[in-house]
Structures are given as C-alpha cells and as structure tokens.
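First to last, the protein sequences are chains A, B, C and D. Residues are numbered in the numbering used here as their position in the first sequence, beginning at 1, plus a constant of 8. Residues are numbered in the numbering used here as their position in the second sequence, beginning at 1, plus a constant of 2. Residues are numbered in the numbering used here as their position in the third sequence, beginning at 1, plus a constant of 414. Residues are numbered in the numbering used here as their position in the fourth sequence, beginning at 1, plus a constant of 30.
No lab work stands behind these hints, which were simulated from the structure alone. Please note that the accuracy of each hint is not assured.
[What the hints assert, rightly or not] Below are the DSS-like pairs computed for lysine-lysine, each with C-alpha atoms no more than 27 Å apart in a straight line:
#1 K337/A to K109/B
#2 K322/A to K149/A
#3 K322/A to K98/A
#4 K149/A to K135/A
#5 K109/B to K282/A
#6 K149/A to K138/A
[To be verified] Heads up, incomplete: computed chain C residues facing chain D, CB under 7 Å, no partners named:
#7 R417
#8 A421
#9 Y524
#10 L614
Don't be surprised by glycine CBs; every beta carbon is placed ideally from N, CA and C.
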Amino acid sequence: MRALYTALFLTAAVVACKKTDNKESGKESGKPDPASGTSGTSGTSGTKQLTVGFAQVGAESAWRTAETGSIRAEAEKRKVNLKFSDAQGKQENQITAVRGFIAQGVDAIILAPVVETGWEPVLLEAKQAKIPVVLVDRGIKTSDETLYATLIASDFVAEGKMAAEWMAKKLNGKAAVVELQGTPGSAPAIDRKKGFEEGIKANPNMKIIASQSGDFRRSNGKEVMEALLKKHGKEITAVYAHNDDMALGAIQAIEESGAKPGTDVIVVSVDGVKDAFTAMVEGKLSASVECNPLLGPMAFDAVEKAVAGQTLPKRQVVEDKLFDTTNAKDVIATRQY
Amino acid sequence: MSTTRPDPLHPDPLHKLRAYFAGFPLLWPLVGLAALLLFNVVYHPGFLALEVRDGHLYGTPVDLLHQGAKGILLAIGMTLVIASGGIDLSVGSVMALAGAAAALLAKRADLPLVAVIVLPLLLAAIAGLWNGLLVTRIGIQPIIATLVLMTSGRGLAMLLTGGQNPAFDRSGFIFLGNGHLLGLPFTIYLVAAALTTAGLLLRRTALGLFLESTGDNERASRASGVDARLVKTAVYVVSGVCAGLAGLVATSNIKQADPIRTGEMMELDAIFAVVVGGTALTGGRFTLAGSVVGALLIQTLTQTMFYLGVPPPIAPVPKAIIVLAVCLLQSAGFRRDVVGLVKRPIRR
Amino acid sequence: MSRLSFAATAVVLVLLFGTASWLYPGFLSARVIANLFGDNAALGIAAIGMTFVILSGGIDLSVGAVLAFTSTLVALLVTRHAVPPLLAIALGLAIGAAFGAVMGAMIHRYELPPFLVTLAGMFFARGMAFVLSLESLGISHPFYRSAATFGIPLSAKATLNAPALIFLVLFAAASCLLHATRFGRDVYAVGGHEPSARLLGVAVGKTKIAVYALSGTCSALAGVVATLRMGSGNPAQGTGFELDAIACVVIGGTLLSGGVGSLAGTLNGVLIFGTIQIALVFDGRLNSWWARIVVGALLLLFIVFQKLLARAASRRA
Amino acid sequence: MTRVLLELRDIVKTFGSVKALDRASLTLRAGEIHALMGENGAGKSTLIKVLTGVHAPDAGTIVLDGKPIAPRSPREAEQAGISTVYQEVNLIPTLSIADNLLLGRQPTRLGWIRRRELVRRAEAAVARLGLEIDVTRAVGACPLAIQQMVAIARALDIRARVLVLDEPTSSLDEREVASLFELLRRLRAEGLAIVLVTHFLDQVYAVSDRITVLRNGAFVGEHETSELPRRRLIEAMLGRDFGDEADARPAAAAAATGKRLLEARGIGRRGLLSPIDLALSEGEIVGLAGLLGAGRTETARLLFGLEAADSGAITIGGQAAVLRSPRDAMGKGLAFCSEDRRAEGILPHLSVRENLILAMQAGRGPWRLLPRREQDALVDHYIRALGIKAPSPEAPIHTLSGGNQQKVLLARALATQPKILLLDEPTRGIDVGAKLEIERLVRSLRERGMSVLFISSDLDELVRTCGRVAVLRDRRKVGELAGDDVRPDKILSVIAHEHDAA
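Generate coordinates for the entire structure from the input sequences, incorporating the hints supplied.
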C-alpha cells in the first residue's frame with residue numbers, strides 16, 4: 009500500500025518537473041503561456057493581463073478590510089487578475105501564500121507583512137524567480153534592500169508625532185497620558201509609540217503614566233482602560249491609542265466610569281476609520297490621525313512600473329492628515345471606510 | 003442521620019483528608035482566589051474600592067463580575083459537559099458564531115429585539131446538539147467531536163460576516179453587555195439568572211443525580227434505567243447555549259462582531275475554571291460554585307496582569323502555574339507523596 | 415482496519431491533488447510538491463511527535479507553544495548573545511525534550527489527564543516565549559543565510575529546501591523507530607491496553623515519558639525549522655498549531671483511543687492539509703475561512719469513516 | 031516425591047486497612063499441577079500477584095531453587111522463570127499475535143526488530159501448543175479461546191519453570207478445556223511446575239495432583255488431591271461445616287405456586303444466545319446453572335433489555351412486552367443486578383444513598399425528585415433491612431467492602447419494588463457471611479410473592495436457593511431440573527454430558 013502510494017507521488021513529481029520545465033522555459037522566451045493564464049514577465053504596458061498575488065494579513069480590523077477593498081477594487085479597475093490570500097494574522101500562512109504565488113508564476117506580489125522580521129528567505133526566493141514584491145502599509149527589517157521593489161506606507165513615527173503635538177496644543181503642554189499600544193512587536197505599535205514620545209519631549213509636563221498593550225482590539229482596549237481607570241482614577245487627562253478600535257473601546261470604558269470623553273479625558277488615536285469620525289462628530293473622540301488604507305492605486309502603479317523593470321524609490325510615504333472635532337463633520341460624508 | 007462514625011473499613015491516613023475534601027471541595031479554589039485578591043490589595047490598596055458614580059456601583063470588584071460574566075457562563079456549560087465525562091472545545095467558536103449572527107441581525111432594524119437575542123441562541127443550541135449527536139450517536143470521543151466544530155465554527159462565523167467585523171447600534175442589544183440595572187451591570191443579573199436556573203434544574207430535580215451517575219459510570223447508570231444518551235446529548239446543548247449567551251455578551255459589549263477574536267482561547271479558560279473549581283476531568287461529581295470561583299479566579303488573574311502592566315501575551319504563564327498547582331493538590335498521587343514525606347518519620 | 419483507513423486517506427489525497435491540478439494550471443508542478451513539503455515541514459514534524467503520543471493513548475496540546483518558544487529562544491541566543499547557531503539549536507532541542515519529559519512524568523506519576531497537563535504546558539510555553547521576546551526577532555547569521563539558500567534541486571525551478579529535507583529525514587527515522595524497534599512496539603502496546611502492557615512486562619512509565627519527551631523534541635525541532643524557514647524567531651507563531659497537528663494525525667487514520675495508526679497515514683494527513691492551503695492560494699478568490707471549514711469537514715469525514723470501519727470490524731469478530 | 035522447586039512462606043500483604051494476605055504459604059514441586067483453592071477474597075489472586083512481582087509482600091519469603099527471590103515486576107518474575115496467565119486474558123488486542131507473544135523479547139539486530147525471525151519464533155511457540163493460526167493476525171480479532179492459548183504460549187516461550195494459570199478455563203468451552211488440560215499434562219511431563227487457580231471443583235479433581243487451600247488470606251492446608259473428598263475441600267474453603275444450611279432446601283424447594291409472571295419463548299440473539307424458553311411464576315426462585323460463558327448472563331441481559339433480542343417473544347403478566355432498554359424492562363416491573371459490579375453496578379464516587387435510590391428515581395423520571403427526607407428514610411430502611419455496613423449513607427460507595435456494595439445494589443433493585451428480580455452472580459467475590467445473608471434475603475423475597483431469576487456458578491448455592499434450575503451449555507438451554515432433582519450432582523451431570531438432560 010505504502011509503496012504504491014510513494015511510487016504514485018514520485019511519478020507525479022517527475023511528470024510535474026517536465027511540465028513546469030518546458031513551461032518555464034517558454035516563459036523565459038517571453039511568449040504568453042495560455043496554460044497559466046499569466047503573461048510573460050516582459051509584459052511592459054498594461055496591455056497584457058497581469059497576474060498579481062496579494063498576501064494580506066487578515067481581516068482583523070475595519071482598516072484592514074478597507075485596505076483589502078481598495079486593492080481589490082483597483083485590480084478590478086485595471087483588469088488585473090488578482091490572487092488574494094488572507095493569512096488570518098499568521099506569518100506562517102503569509103509565507104506559504106507568497107511561496108504559492110511564486111510557484112504559480114505570478115507577475116508581481118503585493119505583501120502586507122504582519123511582522124517586520126522573517127521575510128528574507130521567502131523574498132530571496134521571489135527575487136530568484138524574478139518576481140517583484142511591493143510591500144504595503146508595513147515595512148520589514150532586512151539587510152538587503154533589493155529583496156523588494158518598494159514600500160508604500162504611512163510614516164508611523166510621524167503619525168505618533170502629529171498626535172502628540174495636537175494633544176500638546178489642546179492641553180497646552182500639560183497632560184497625564186494613558187497609552188494603549190498595539191500588538192506588541194508590530195511595526196505600527198513600535199513606531200507610533202516612538203513618534204509620540206518624541207512629540208511630547210518638548211513639554212516636560214506631559215507624562216505617559218501608563219502604557220499597556222490593547223492588541224489593536226476594541227475589547228482589549230476597553231478592558232485595559234477599565235483597569236487603568238481604577239488604578240489611576242481622575243489623574244488621567246488624556247488617552248493616546250495606537251488605533252481607533254482601541255480608542256473606541258477606551259471611550260466606552262471612560263463613559264462607564266462616569267467621566268466625559270472629549271472633555272474630562274481627551275482621546276486621540278490613529279487610523280481615522282469611519283467609526284472614529286462618527287465618534288469625533290459626537291465629540292467623544294477628540295482627534296484621529298488618518299492613516300490612509302486606500303493604497304490600491306499607489307500599489308498597482310508601483311506593480312506596473314516594477315513589472316516593466318523600472319526601479320522605484322525604496323520608500324513611498326503615504327501622506328497622512330490629522331482630523332479633529334472641528335473638521336470631522338465636513339469630511340465624514342466623503343469617508344469610504 | 004448522617005452520623006460520621008469513624009470508618010471501620012477505611013481508617014487509612016488519607017481518609018480524613020479525603021472526607022474533608024469531599025465535604026468542602028471549594029477549599030482550594032477559594033484559597034487561591036483569596037490569595038490573589040490579597041496580593042492585589044497589597045500592591046494597590048484601591049483594588050477592592052467601591053464607589054457610586056452616576057448611580058452605578060463602580061470599581062474593580064464590579065469589573066471582575068462584569069468581565070468575568072463570559073467566563074462564568076462558559077464555565078457553567080463546561081461543568082455539565084465535564085461532569086458527564088466529556089469535554090467541549092467548541093465553545094469559543096460557538097461564541098464567535100452566535101456573536102456574528104447577533105451582530106448581523108442587530109443591524110437590521112426591522113427585526114424585533116427578541117429575534118436578535120433568540121435566533122443566535124438557537125443557532126448555538128443547534129451547534130451544541132450537533133456536538134452531542136456526534137458523541138452519543140456516532141460515538142466519537144468528545145475531544146475530537148468538538149474539535150470539528152472548533153476548527154470550522156470560526157470559519158462559519160467569518161462566512162456569515164464575510165470576514166468583516168460588522169458594527170451595530172441597537173440600544174436594546176447593546177444594553178445586554180453594557181447596560182446597568184439598579185446600579186449593577188446587567189451582565190451580573192444575567193449570570194445570576196443562569197446560575198440559579200442551572201442550580202435549580204440540577205439540585206431541585208433528579209437531573210443532577212442522573213448527570214453525576216452518567217459521568218461516574220455510564221453503563222451502570224444505563225442498567226439502572228437512566229437515559230444516559232439523552233443526558234449526554236443535553237449537556238452539550240446546554241453548553242452550546244451558554245456559549246451562545248457568552249458570545250452575545252461579548253459582541254454587545256464591544257458593539258461589533260469579531261469572528262476571529264471573539265472567544266479566542268476562551269474554551270481553555272473555561273476548562274481551567276472548571277478544573278480549578280474542583281470538578282475532575284474524569285466526570286461524575288461536579289460543583290457549579292467551584293467553577294464560578296474558578297472563572298473568577300482566572301478573571302482576577304487577567305485584571306492583575308492589567309494592573310501590573312504585564313503585556314497580555316505573558317499572562318498565560320501564571321495561569322498555567324496556578325492550574326497545575328491546583329490539579330496537583332487534587333491528585334491523590336501527589337497527596338500520597340506529600341503525606342508520605344510527612345509520615346515517614348513517624349512510621350515505626 | 416488501519417490499512418483500510420490509510421488507503422482511504424491516500425485516495426483522498428490523490429483526489430484532492432488531482433482536482434487541484436486539473437482546476438489550477440501550474441499546480442501539478444515539482445515546485446508545488448517541493449513547497450508542499452517545505453511549507454508544512456514544521457507541521458509535519460510536530461505531527462510525527464503527535465502520532466507517537468496519540469498512539470500511546472495520550473495527547474499533546476503544547477506543540478504549537480513549544481515551537482514558538484524554541485524558535486524565539488534560538489533567535490534570541492543567536493542574535494542577542496552571539497551563541498553559535500548549532501549550539502543554540504541543540505540547546506533548544508534539549509529544552510524541548512526536557513519539557514516534554516516533565517509533562518510525561520506528571521501524567522504518569524500523578525495520573526493527571528494528559529489533556530490538562532499539556533494544556534497547562536501550552537499556556538506556560540507560550541507565555542515564556544513572549545517573556546523571551548515580545549516581538550519577532552530576525553536572525554542575521556551566515557549559517558542561516560546559507561541555510562536559507564541550501565536545498566536539493568528537483569528541477570530547474572524547484573528545490574527541496576532545508577525544512578523539507580529535515581522533515582523527510584525525520585519521517586524516515588521516526589518510521590523505523592515506530593515500526594522496527596521494541597520501543598515502537600511498546601508504544602503501540604501501551605496505547606492498545608495499558609494494564610495488559612504492564613503485565614506483559616512493558617515499562618509503561620518509561621514508555622509514556624519517552625513518548626512525551628519525543629513529542630517535545632519534535633515540537634522543538636519544528637521551531638528550529640521555523641527559524642530556518644523565516645530566518646527569524648516569532649513568539650506569536652503556531653497558535654492553534656496543535657489542533658492542526660492533531661487533525662493531520664486523525665485524518666491520517668490514527669485512532670485517538672490509541673494503539674492503532676501509522677506514520678505514513680500522518681504524512682498523508684499533513685499533505686492533505688497542505689494541499690488544501692496551497693489550492694486556496696492558487697485559486698486566490700476563495701476566502702481563507704474556507705480552509706477552516708474544509709479541514710473541519712474532512713476531519714469529520716475521516717472520523718466517521720473510521721467509526722464505521724471499527725463497527726464493521728467488531729461485527730466480524 | 032520430586033524436589034521442592036518454589037516455596038512461598040508466610041506471605042503478608044495489606045492494602046490500606048484490608049489484610050489481603052495473612053501468612054499465606056504455597057509449596058510447589060517440579061512436575062506437578064498444583065491447584066490453589068479458596069473462596070473469593072481468600073487471597074488467591076493476591077498471592078499470585080505477589081509471586082509474579084505485581085505486588086511487593088509486606089512480609090514473608092519466596093524461595094526458588096533454594097535461592098530467595100524478590101521479583102519487583104512481572105518482567106523480573108519472568109526472567110526468574112515464573113510466568114503467568116491472568117484471569118482476564120492480558121494481551122494487546124490491537125497488536126498481532128506474534129507481537130504479543132514476543133513483546134519486549136523481540137529478536138533484534140542492532141536494535142532493529144528482525145521481522146522474519148519474529149514470525150518464525152511466534153509460529154514455533156504456537157505450534158508447541160498444537161495450534162495452527164496466522165500469527166500476524168491481530169489478537170483482538172481472535173476468539174477468546176485462542177487468545178487464552180496465545181497467552182499460555184507467551185508464558186511458556188520464556189524458559190518458564192513455573193507456570194501460573196489464574197482462572198484459565200473461565201472463558202473456555204468443554205473441548206477447549208479438555209485440550210488445555212491435555213496441554214498441561216504434557217507440560218507437567220516436561221517437568222514444569224504448574225499452579226492452577228480455578229473455581230471449578232471438577233476441573234481441580236480432573237487435572238491437579240495436589241491442592242493448597244487458602245482462607246481469609248491464610249494458609250489452611252495442603253493435600254494430595256486423591257486423598258481429599260470434595261466435601262472436605264469445600265468445608266476447608268468455607269471454613270465451617272455448612273452441612274445443615276447447605277442441604278436445607280425444603281423451604282425453597284416448594285415448586286411454583288402462584289401464577290405465571292414472565293414467559294419468554296425462543297428469545298435469543300445471534301452470536302449471543304441461541305433461542306431459549308424460560309418461565310417465571312409468582313413466588314418462585316428459578317436458578318440458571320452453567321459454566322461461565324454458557325449464556326446465563328446473556329439470558330438475563332436479554333430479559334432486561336440490555337441486549338435487544340432478535341428472536342422470540344416475552345409476555346409479562348399475560349401481555350406481550352417489547353424490551354428495548356432497561357427503562358422498558360423496569361416499566362414492566364423487572365429489576366436487575368449485574369454480575370459485573372464494577373463495570374455495570376456501582377457508581378464508585380457517589381454516595382451509598384445516591385447509589386441506592388438511582389434506579390427508583392430513574393423510574394420516577396427527572397422532574398419528581400424524591401424529597402430528601404424520604405430518601406434518607408428509604409436508605410435507612412434498607413441499610414437496616416440488609417445489614418449494610420457503611421460509615422454513613424453519604425460515604426462514597428467505593429469505600430465499602432464488596433459484600434456491602436453488593437447489598438446496596440440489591441437494595442437499589444428492591445427499591446424499585448419489582449415483581450421480577452434478575453440476579454446475576456449476586457454472591458460473587460464476597461465473603462461467606464454476606465453470601466449466606468444474601469441467599470437468606472433472596473429466599474425471603476419469594477415469600478413476598480416476588481419471582482427471582484438466580485444466576486450462580488456455585489451449585490450448592492443454587493440448590494440451597496432455587497425451586498427450579500434451568501441449565502445452559504454453549505449458549506443454549508440443555509435442561510431443567512425441579513423438585514428433588516435439584517441436586518449438585520444432577521446439575522453437574524447435565525452441565526457435563528449431553529444425554530441425561532432432563
């Protein structure tokens with residue numbers, strides 16, 4: 009039984025080798041391969057249909073969903089054959105997905121890395137297969153910049169700074185801040201913390217009295233905030249959350265504690281999702297630094313350039329704006345996510 | 003009538019101890035809870051402080067009950083399943099499933115609140131029934147039978163919501179997880195209600211006896227005319243409903259569904275709560291009170307972590323240690339060894 | 415009966431793979447097969463250890479956590495403390511073995527349910543992984559750079575990478591251990607009927623402890639493989655991993671009651687699991703939650719199938 | 031006489047408070063078959079387990095070939111040349127016969143098992159017993175008799191000098207027993223010392239050379255089998271001259287008086303019991319005799335709906351009854367005490383009270399819980415009526431002695447106020463005192479017009495208790511004795527031989 013089955017597998021392998029070999033050789037010669045439905049890597053202009061793999065982290069937050077939506081929509085618009093893979097927040101799965109894309113011979117890969125490290129081997133593989141990789145919304149740590157074509161993302165440090173400066177202005181340089189961090193070790197968590205700390209350096213009277221991870225989750229944000237409210241009570245004058253979901257959770261906790269978010273306690277967060285705008289209009293959330301998830305257009309511009317063999321700037325920063333109770337009303341109607 | 007004469011048949015050293023444990027199984031969980039609370043009070047004198055803020059009783063103790071509600075609800079169902087000699091790994095996924103369903107229903111203003119609450123619970127009950135039938139009719143070991151739903155349940159939940167986290171604004175439903183009644187969070191009443199119902203059903207009827215007998219020796223129970231299969235199926239349904247309720251609370255609490263995270267790892271917490279509470283995984287004797295204490299113990303642990311500023315991912319370590327400690331204390335073998343160490347010198 | 419259920423899994427695997435190859439151009443390629451082994455090496459290695467545990471009538475829920483712990487430990491030692499990789503790896507494996515042995519000892523000595531002990535073990539190991547480091551640590555070391563590129567070419571474009579090779583070698587070794595040594599027979603005996611095994615002179619305690627130690631080592635090795643695959647150690651990885659491993663073992667036709675099953679079956683299980691995942695990537699339209707649903711459904715399918723087989727067998731006897 | 035090969039002297043072993051062995055002794059000579067006799071709980075099994083290293087004795091010595099030994103595990107005992115076949119066949123059902131035969135002793139080269147050699151040796155081992163079987167088959171798939179043989183083959187495969195057989199015949203039929211004895215005689219000739227533990231007197235007299243009797247864990251005496259009349263043996267085992275009570279039949283003997291309560295026509299189930307007829311009348315105690323595995327337990331289980339009959343019909347109190355589950359049977363006024371107290375009787379961790387009321391409460395259904403006061407009253411009543419010795423009604427039943435557990439189970443059945451009581455080996459494994467009490471109780475039940483089906487392996491007990499005795503062999507009914515025919519020898523002859531079946 010076992011022998012039979014191993015034999016079967018080997019034959020499969022052998023057959024496969026042949027098949028892929030001549031296919032891939034065909035690929036080298038640049039003529040389109042109908043079998044794989046992909047165009048040769050030489051497809052310069054968008055005339056021939058591109059196949060692009062998108063390795064997404066997951067669907068853990070509204071922001072994430074907006075990003076996915078944007079990229080899918082853009083692919084639709086540009087008639088790109090998009091291979092989408094959702095890794096349910098697991099790096100292992102993302103790597104499997106990327107290797108799958110490579111095996112499939114896609115023309116380019118868009119990757120939203122869930123963590124900063126651990127990508128070199130798989131990106132090396134992509135490089136060897138001559139498949140350009142466009143990183144979106146989070147960077148990676150690597151000694152070899154040639155592993156990816158470009159990184160399209162907001163500057164998380166700048167976001168943190170912006171939040172800090174706005175808060176300083178609002179509370180004229182005096183605040184006892186509770187910081188709700190994102191998932192420990194994730195790039196946005198690290199950088200938004202860094203940026204915020206830099207931002208408040210100027211004002212000695214602004215202190216972070218507690219800094220806890222809420223894991224980017226609304227429920228955790230709420231629970232942590234409740235605990236901290238018990239611990240520090242009225243002392244707290246401001247909350248800085250690494251994303252809107254946690255901020256919204258915190259706001260609930262503050263309300264339950266009998267205080268008024270927005271007046272008794274200033275709440276500032278990052279991302280600027282729709283719920284956040286609603287909260288700002290209600291005056292509960294004081295400000296939110298927009299971190300634009302609509303990366304579709306930029307991403308596919310980059311993909312097409314990369315496929316065409318042009319070299320791109322390693323870093324393309326997405327411009328972020330800060331919204332607060334004053335201007336939220338005017339733009340809320342136009343928010344897509 | 004229940005005169006405790008010295009047992010002529012078993013005057014072995016451990017008998018007294020064992021009798022004591024039988025008499026008061028809550029001992030160790032309570033000790034653990036007390037110790038933990040004490041520790042907190044020492045570190046933060048305000049830990050147990052209570053005050054009234056705009057008409058609500060407010061303070062960590064209230065949070066413990068409010069946040070612990072989900073855990074307690076799960077523990078109730080899990081206690082019954084474990085008492086029947088089984089285990090239910092699917093409760094976390096069922097929470098997510100019910101939560102997702104509720105959120106979607108809550109978004110539709112045309113549906114009456116009753117539907118928003120009842121339909122998801124029905125769904126959860128069906129999930130439980132499914133588990134029960136796999137165990138009793140097809141005869142699959144509970145771990146695996148419920149593993150099936152554990153793996154696929156979340157998938158179904160995400161299927162329902164299309165991978166989104168639908169938010170809703172349905173005051174009635176939101177009240178379930180955030181509202182207050184007579185100054186106390188509504189969840190506390192919910193738990194109290196669930197507990198009393200369970201307590202009455204199990205101790206004021208023969209159901210408790212049948213459950214314990216089934217868990218202790220299924221064949222013997224069957225030979226004595228107990229419908230063991232029915233009992234076993236029923237406990238999984240109950241567990242499902244409890245999980246569903248917990249899912250509703252969780253969802254209502256954050257005003258949005260979260261198929262991926264709702265009830266993540268909660269099944270394990272629930273099992274811990276039950277075991278720490280003094281109900282043996284081997285089935286038979288069970289104690290609801292113990293499980294409640296166990297659930298509170300675990301919730302207190304979580305709160306302590308927040309207070310100490312320990313990053314959440316590290317929280318499992320003390321959890322594991324406490325659980326193992328309690329289990330060892332309950333293990334006859336361990337106590338034999340300990341007693342052995344104590345007795346050796348005295349032995350002639 | 416085990417033969418039959420094994421045949422069934424083999425058939426399902428071939429069907430799955432066949433359908434995928436037919437649906438998705440380029441699926442039936444050496445590269446995909448190489449990936450199948452490479453991407454599921456960690457899972458496969460853990461599943462091998464799990465097979466021994468389940469055959470002995472136990473269960474080990476700590477594999478995912480031990481994997482995370484080991485990978486983080488190795489990364490930490492190599493990057494922060496400049497420990498030579500091989501030494502760090504050896505240390506990691508040793509700790510994994512010791513951890514498993516301790517759990518086994520508790521299970522045996524104090525008659526605690528394996529489910530519970532390993533559950534606690536899982537919480538403990540997971541927590542400790544984060545104690546070592548809250549964030550994923552990249553390993554930049556020549557050894558790892560060469561390991562990343564090392565591999566045996568199957569064809570122009572496909573190579574069996576280091577993880578895949580480790581997996582295959584371990585699989586061969588484990589098969590010999592299980593099917594051709596006294597220890598292997600003892601494992602089956604203990605799982606088949608423990609009291610009898612004891613009376614037949616099997617050192618039940620030793621066997622059990624050894625089995626958990628073995629599983630611990632496998633999990634640790636899986637962690638090492640993860641570091642090779644990603645060139646980093648991530649304390650957050652491998653959540654829910656134990657359940658995948660159990661699923662693979664069960665799908666592979668090993669009975670949870672113990673005493674019946676084979677490693678070849680487990681290999682089937684792992685490959686089925688992996689094929690589903692890659693197929694989903696190739697399709698690129700289906701959402702990932704289908705993976706969970708399909709795996710759950712398959713799990714059910716196989717358990718029910720085995721039940722029916724068992725009933726048929728008992729009728730014959 | 032041949033030299034002494036093995037001697038156990040003054041062995042003492044206590045479990046917690048229970049003194050299982052109190053200066054028990056056994057002397058074995060090479061080339062003899064030595065029967066170790068005693069009532070249940072006399073300490074036979076414990077002594078065996080001490081000999082084979084399962085239990086370590088608290089005191090006493092074991093001398094093999096003049097050298098004192100102290101085996102600490104079955105393996106060590108085996109290495110010393112003492113191997114054992116236990117009562118319940120101890121093999122791994124999921125492993126092949128070959129694997130079972132050589133588990134832990136597999137022929138290996140550099141640690142690798144030599145498969146071919148393994149099979150060869152296994153085949154040789156079973157061939158020695160004149161068996162022709164495929165040694166690669168899984169043991170679980172073989173019939174019990176074969177498993178028994180495999181177990182013996184395993185015991186012999188190691189150059190055993192002492193072979194211990196604990197209840198080897200309990201699951202074998204005549205032919206198998208015969209061939210087993212044939213084998214034993216052959217092994218005796220080879221100079222092996224064989225210890226035979228069994229309940230079946232006729233088998234003892236058929237095959238053994240010498241008998242050692244234990245009682246309450248103590249050595250009573252050793253005799254040449256040929257010089258020890260059965261009656262003396264039984265008295266030695268029971269430790270008292272029970273003549274008066276043993277032969278007291280008249281009261282019970284009174285044949286059926288009242289009207290038919292239960293009538294089973296041709297009930298059976300393939301592979302379990304070939305169709306039999308059985309009738310029970312008011313105030314009648316009907317015995318079921320036969321060797322273990324003769325179909326007695328199966329009969330009771332069919333009557334109580336624990337197994338579904340696939341043939342025949344049952345009428346209770348005149349009207350047809352379909353018994354698909356114990357619940358159905360209880361609804362029809364039946365009650366049942368299983369032979370297997372552990373597996374199918376007690377709820378070990380629940381209290382005496384809960385154990386006692388369970389069946390009755392099950393009858394009442396879940397919603398009408400018997401008020402606690404009434405429960406206590408009921409429990410109190412039965413504790414007194416049956417003389418149950420328990421520290422308290424709330425004590426977990428597993429803390430009670432076997433006899434008292436059995437009484438609680440009886441009480442459980444009685445509490446349902448049954449019209450028909452099915453008792454399967456109600457006196458197995460309990461001390462003589464309790465045994466006689468239970469017999470007395472059963473007799474008193476019949477005075478109250480209850481009808482009882484009484485299953486027992488102890489012929490004298492059947493004689494003492496039953497008015498009528500149905501005899502089963504090989505899963506079919508082979509005869510029925512009534513009135514003065516109800517005598518041990520008669521029953522035995524029906525069990526033993528085809529022809530004079532009544």
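Tested hints:
The suggested pairing of K337/A with K109/B holds, with an alpha-carbon distance near 24 Å, which does not exceed 27 Å. Straight-line distance between C-alpha atoms of K322/A and K149/A comes to about 13 Å, which keeps the hinted pair within the 27 Å bound. At most 27 Å may separate the alpha-carbon atoms for a hinted pair to count; K322/A and K98/A meet this at roughly 25 Å. A hinted pair counts as satisfied when its Cα atoms are at most 27 Å apart, and K149/A with K135/A qualifies at roughly 17 Å.
Note on K109/B and K282/A: the hinted pairing holds, with a Cα-Cα distance of about 16 Å set against a maximum of 27 Å. Between K149/A and K138/A the CA atoms are separated by roughly 21 Å; this keeps the pair inside 27 Å, and the hint holds. The closest approach between the C-beta of R417/C and any C-beta of chain D is roughly 11 Å, which is over the 7 Å cut-off, so the hint fails. Hint on A421/C is violated. Least Cβ distance to chain D is approximately 17 Å, over the 7 Å limit.
The criterion of a C-beta within 7 Å of any C-beta in chain D is not met by Y524/C, whose closest approach is roughly 18 Å, and the hint is violated. A cut of 7 Å between beta carbons decides the hint on L614/C: the least distance to chain D is about 5 Å, and the hint holds.
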